[in-house]
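Novice: If you want the building blocks of each chain, they are given just below.
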Amino acid sequence: MDLATLLGMVGAIGIVLAAILTGGSGLVFVNVPSILIVLGGTFMVVMIKFSLSHFFGAFKVAARAFIFKLENPEELISQIVKLSNMARKEGMLALENEEIDNETLQQGVQMLVDGNDHGVIQAVLHKDLQQTVDRHSWGAKVFSATGDVAPAMGMIGTLIGLVQMLSAMDDPKAIGPAMAVALLTTLYGAMLANMVALPIADKLTLRKSEEGRIKAMCIDGVLAIQEGQNPRIVESMLKAYLDPKKRAEGGDESAEAA
Amino acid sequence: MDLATLLGMVGAIGIVLAAILTGGSGLVFVNVPSILIVLGGTFMVVMIKFSLSHFFGAFKVAARAFIFKLENPEELISQIVKLSNMARKEGMLALENEEIDNETLQQGVQMLVDGNDHGVIQAVLHKDLQQTVDRHSWGAKVFSATGDVAPAMGMIGTLIGLVQMLSAMDDPKAIGPAMAVALLTTLYGAMLANMVALPIADKLTLRKSEEGRIKAMCIDGVLAIQEGQNPRIVESMLKAYLDPKKRAEGGDESAEAA
Amino acid sequence: MDLATLLGMVGAIGIVLAAILTGGSGLVFVNVPSILIVLGGTFMVVMIKFSLSHFFGAFKVAARAFIFKLENPEELISQIVKLSNMARKEGMLALENEEIDNETLQQGVQMLVDGNDHGVIQAVLHKDLQQTVDRHSWGAKVFSATGDVAPAMGMIGTLIGLVQMLSAMDDPKAIGPAMAVALLTTLYGAMLANMVALPIADKLTLRKSEEGRIKAMCIDGVLAIQEGQNPRIVESMLKAYLDPKKRAEGGDESAEAA
Amino acid sequence: MDLATLLGMVGAIGIVLAAILTGGSGLVFVNVPSILIVLGGTFMVVMIKFSLSHFFGAFKVAARAFIFKLENPEELISQIVKLSNMARKEGMLALENEEIDNETLQQGVQMLVDGNDHGVIQAVLHKDLQQTVDRHSWGAKVFSATGDVAPAMGMIGTLIGLVQMLSAMDDPKAIGPAMAVALLTTLYGAMLANMVALPIADKLTLRKSEEGRIKAMCIDGVLAIQEGQNPRIVESMLKAYLDPKKRAEGGDESAEAA
Amino acid sequence: MDLATLLGMVGAIGIVLAAILTGGSGLVFVNVPSILIVLGGTFMVVMIKFSLSHFFGAFKVAARAFIFKLENPEELISQIVKLSNMARKEGMLALENEEIDNETLQQGVQMLVDGNDHGVIQAVLHKDLQQTVDRHSWGAKVFSATGDVAPAMGMIGTLIGLVQMLSAMDDPKAIGPAMAVALLTTLYGAMLANMVALPIADKLTLRKSEEGRIKAMCIDGVLAIQEGQNPRIVESMLKAYLDPKKRAEGGDESAEAA
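Residue numbers (my numbering), protein chains in the order written: chain A, 223 to 480; chain B, 223 to 480; chain C, 223 to 480; chain D, 223 to 480; chain E, 223 to 480.
For the record, the hints were derived by calculation from the structure and aren't laboratory data. One should not assume that every hint holds.
Pairs of lysine to any residue, SDA-like flavour, derived with a Cα cap of 20 Å [said to hold, decoys possible]:
#1 K291(C) - K430(C)
#2 K363(C) - L428(D)
#3 K349(A) - S458(B)
#4 K291(D) - H276(C)
#5 K363(D) - Q353(E)
#6 K291(A) - S359(A)
#7 K430(C) - S273(B)
#8 K461(E) - G434(E)
#9 K461(C) - V342(B)
#10 K430(B) - L225(B)
#11 K461(B) - D356(A)
#12 K282(D) - E432(D)
#13 K461(C) - D356(B)
#14 K461(D) - G341(C)
#15 K461(D) - Q352(C)
#16 K461(A) - Q353(E)
#17 K363(D) - T427(D)
#18 K304(A) - N294(A)
#19 K349(D) - E296(E)
#20 K291(A) - L274(E)
#21 K461(A) - T354(E)
#22 K291(C) - G398(C)
#23 K311(E) - D336(E)
#24 K311(C) - Q301(C)
Build out the structure end to end from the sequences listed, making use of the hints.
Specialist: Here it is, written out as structure tokens:
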């Protein structure tokens, strides 16, 4: 689970709920028609902008991105180095019994064991990388469009409420509550856009580049194993995929060793 | 018919209508002068920004895009492969009796049957591709401009209503209904922009790239048939035009077969 | 006269006037100090952003663009083809008596008759093309800046009106009319920006590319005549400047003829 | 003095003052704490965004740009041509007694007289050109940031005023004047941004390209004099720096002469 | 300490505090739930957009940037020139006892003393440069996102307050203070965004390029010392990193000397 997203989402919604509940009953903040017009209206309008498969795919990619944790690239590197050692000493078939968690790496090692050639492995794994990047791109676009549309639907809901209230304004005492209801859609729209849709779009964009980088690292590792490269060279090559910060820690040592 | 557009448009308008009707009579939301100022004013201003032919062409291209469904690229590929087989075995003239739905493919096959040479076929079909892309671009630009202008005309209408109301404010009881009418143009402008014009502009942009991709695939197919290419090579070449997702399904098989 | 601009401008202003007049006396919408602050203030601020010659040049280029109609590129092509025929059969001097409406073409033909060489003709005509593009660019920039500044001046005017009204608020009955007057500058600013300045900026940008294309076509034609090119080749070369739509109509015929 | 800036600034402020004074006493528009919060607050925040030297340099460059007039490029060209003639006939030392107003040209001619070589002259003059462009760029950035910050500080001031007014709302009669004062900061912010900061930023950007062009022309002229080029060639080379409009006037003549 | 940031921050907050305190008791401006919803909510939402390490790293980089002063590049140049002289006369080991404040320079000189070769020194120091640039980039992104989110959270807080106030509107006298509290979150959001987050983001972007330039200069200096370059050449080479303004002062002298 992505910790920053979990903490941030729970924290932000918790703070807003606290603000609502300390101010009295929270019931005045729940209005089913208002929820319908903002949530339903926004999703309908976003659906017009995309195809059905892009639209529903976006939710799946978001859920998957937050439930599955990104693998630690350093552990992956040491696993690839270990595999590279095994392959050199015992041959490709020895890799068959290794337990591998990373999907891309597992698929690549299976292809190594099956004796596929270089071009085929590269093509299949790159297709998989491209799909991941694509999926996250479409996900980010759908959530970003949601963040644009939600405040507009909130405003449309408030305008409808205001017109209804103003056109039937006989009891001045009823103005307050009616106006409160009218403002709810603007509140819902602002919350949906700023606390949910736009942050998720930004996180998916970040996730796209991180997942892409890890998958690219695995592909390079698998191809290096096939070429029978020296495990130390494999290691230093894969470290180029690490964050500059983490790379430097290892880098200083190797520089001193040089 | 484009399903996402149909569902989204009907759903969004349905939700707004439900919100209006559950709040009392919907009649207060209908005001002919307000409709005139937003709808008419927006179209007039958008007309200034374009030429008459671009302006009216935009509606035609939008209507056409939503009524005619995009062809399934996989069916097209198998039809092209079939035609390629026929052409190799029985010659170009055998293609004459094939029933072809796709316009570009049909035009291309007719030109093959007529014995036109490579350059002529390529030139004519590319012109047609360029026109399609162009038409969708202008359509998207006109609807995007509509989405910019409509809220502005809504605000102008509301300001006119407010000035009229305020300058003749003798009966405080009349303020409510007059203000309701003044707000209607803002509501109309927000709805025209956010629920109609901008989503259609985005869908036309998406449609432009999808239709362009299918037409480009058909052109490549026709030219490959003329060159007498091996149908299996034709198939794998055309699959590069498919979505990465769909391509991978086929791709894995061919990789396993390799 | 540019028909879309004429229709759109008259229509938009007519619709707004109708909305004003059907709501009662239009006199409350006329307030000389408000007009002065929005129109005068906007022009003064825009003047700061440019030089005097760019500023006044913008009005001239806008007026010229709307009064003079764009020439029909197809008629120009047939005239150039005719001139090309004459030049081949009777020599350059025969072109002297031809009546030519298009300025660029006329200037170019005059230079042909005078026996100028290729480089000189190209240089002089390209300078003229560059000037036209430049003039329209500056025009579009000035009107676009006007569209940015006008709503700001409208808001400044409204704020001044509100401060005056609120600081002297002794008679509650006077609030309505005073507020109406204060809102007028916002209305004027929104109208000046959205119904006049921004549409004209967009039209000048469109016009820039269209006039540039016609002038470039004439230059190519004049140079081709000088080179004594075959009139049929001249025609097909110039048709590349036509809209894809119109080009295709001619293109299909030539393809069938091929 | 830059005429468009002077006219525009005086005119815009004059129009606003007229609108204020015709509406009654102008004293309600002067509120020292409000001026402090908008002017002082904006400058403080802009200072955070830049270094002290960029911040104060911006005012100097703005003042200098508006006080010193741009030289007439045509007069400069004829002076350079004259110098070029003198240098060819009487040698470099003859240039010493020429009175030259343009700084860059004067510095360049002095270096010619001193017998510096080509590379040194080019390096020193280009450094000076780069500094001018840089200075105007930083100036434009500071004023553009001021135009962003001022409306925000105006809004902050108005919110402070509203909170103070609303939290102590016992006398309904005091609401009007208190609200008027609260709105003053929004008015100041809008005026500072739209009538002063943003127009000056735009003018400095324009000025940057114009001064840069004139300096580049002078550098080319000085280097051409050193190379002992034919004065007629020097002239036609420098005319490429003129506005297309002015260039064409001269250009047509030379074309006719060709 | 960065003087412009210190002065600007203290000045801007001082001006706002003065405006608050001169208007009566400042206590009405302190509301703990409002502070919680804006500050806490904004940080939670920003956290969703980034990873935890980016988020917390941003505060560290901002604190560090404002506490440590940028070194004077001219002093650094003279120190590097001095080191270069020593290295030529007394050998690399003589550099060991020099006191060096700049971290990059110190690290580089230590590596020179240790006798590392050119490639290793370059790699290690460039890694360090890349990390600094990266750290500032992420810092600027986090603060820029804070500047986007804070006004949105302020609006959400105000909407919650308005809904609570309007839905329980029985005592008209209580409206004023309740509305004042509701507006506080908008005020906090505007202040957090415009007076803190956005200016810091801009300053970090500026700092990124300045620190990067100084580090790059040190790296060039260290490498030049290793190559045993002439100290005068080292000096003129490093001066290319100075601001054009400062460079010119030195540049004129060297030009005169040439």
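Novice: Compare the structure with each hint and give your call.
Specialist: Here's how the hints hold up against the structure:
1. K291(C) - K430(C): 13 Å, holds
2. K363(C) - L428(D): 12 Å, holds
3. K349(A) - S458(B): Holds: K349(A) and S458(B) sit about 15 Å apart, inside 20 Å.
4. K291(D) - H276(C): 17 Å, holds
5. K363(D) - Q353(E): Outside the cut-off at roughly 27 Å; violated.
6. K291(A) - S359(A): 19 Å, holds
7. K430(C) - S273(B): Measuring from Cα to Cα gives roughly 13 Å; hence the hint holds.
8. K461(E) - G434(E): 15 Å, holds
9. K461(C) - V342(B): 16 Å, holds
10. K430(B) - L225(B): 17 Å, holds
11. K461(B) - D356(A): 17 Å, holds
12. K282(D) - E432(D): 18 Å, holds
13. K461(C) - D356(B): 17 Å, holds
14. K461(D) - G341(C): Given that 20 Å is the threshold and the Cα spacing comes to 18 Å, the pair holds.
15. K461(D) - Q352(C): Measuring from Cα to Cα gives roughly 15 Å; hence the hint holds.
16. K461(A) - Q353(E): The given pair, whose Cα atoms are some 15 Å apart, holds under the 20 Å limit.
17. K363(D) - T427(D): With Cα atoms ~9 Å apart, K363(D) and T427(D) stay inside 20 Å; holds.
18. K304(A) - N294(A): 16 Å, holds
19. K349(D) - E296(E): 18 Å, holds
20. K291(A) - L274(E): 14 Å, holds
21. K461(A) - T354(E): The given pair, whose Cα atoms are some 19 Å apart, holds under the 20 Å limit.
22. K291(C) - G398(C): Since the Cα atoms of K291(C) and G398(C) sit roughly 47 Å apart, the hinted pair is violated (cutoff 20 Å).
23. K311(E) - D336(E): 18 Å, holds
24. K311(C) - Q301(C): 15 Å, holds
When held up to the earlier numbered hints, the structure conflicts with 5, 22 and fits the remainder.
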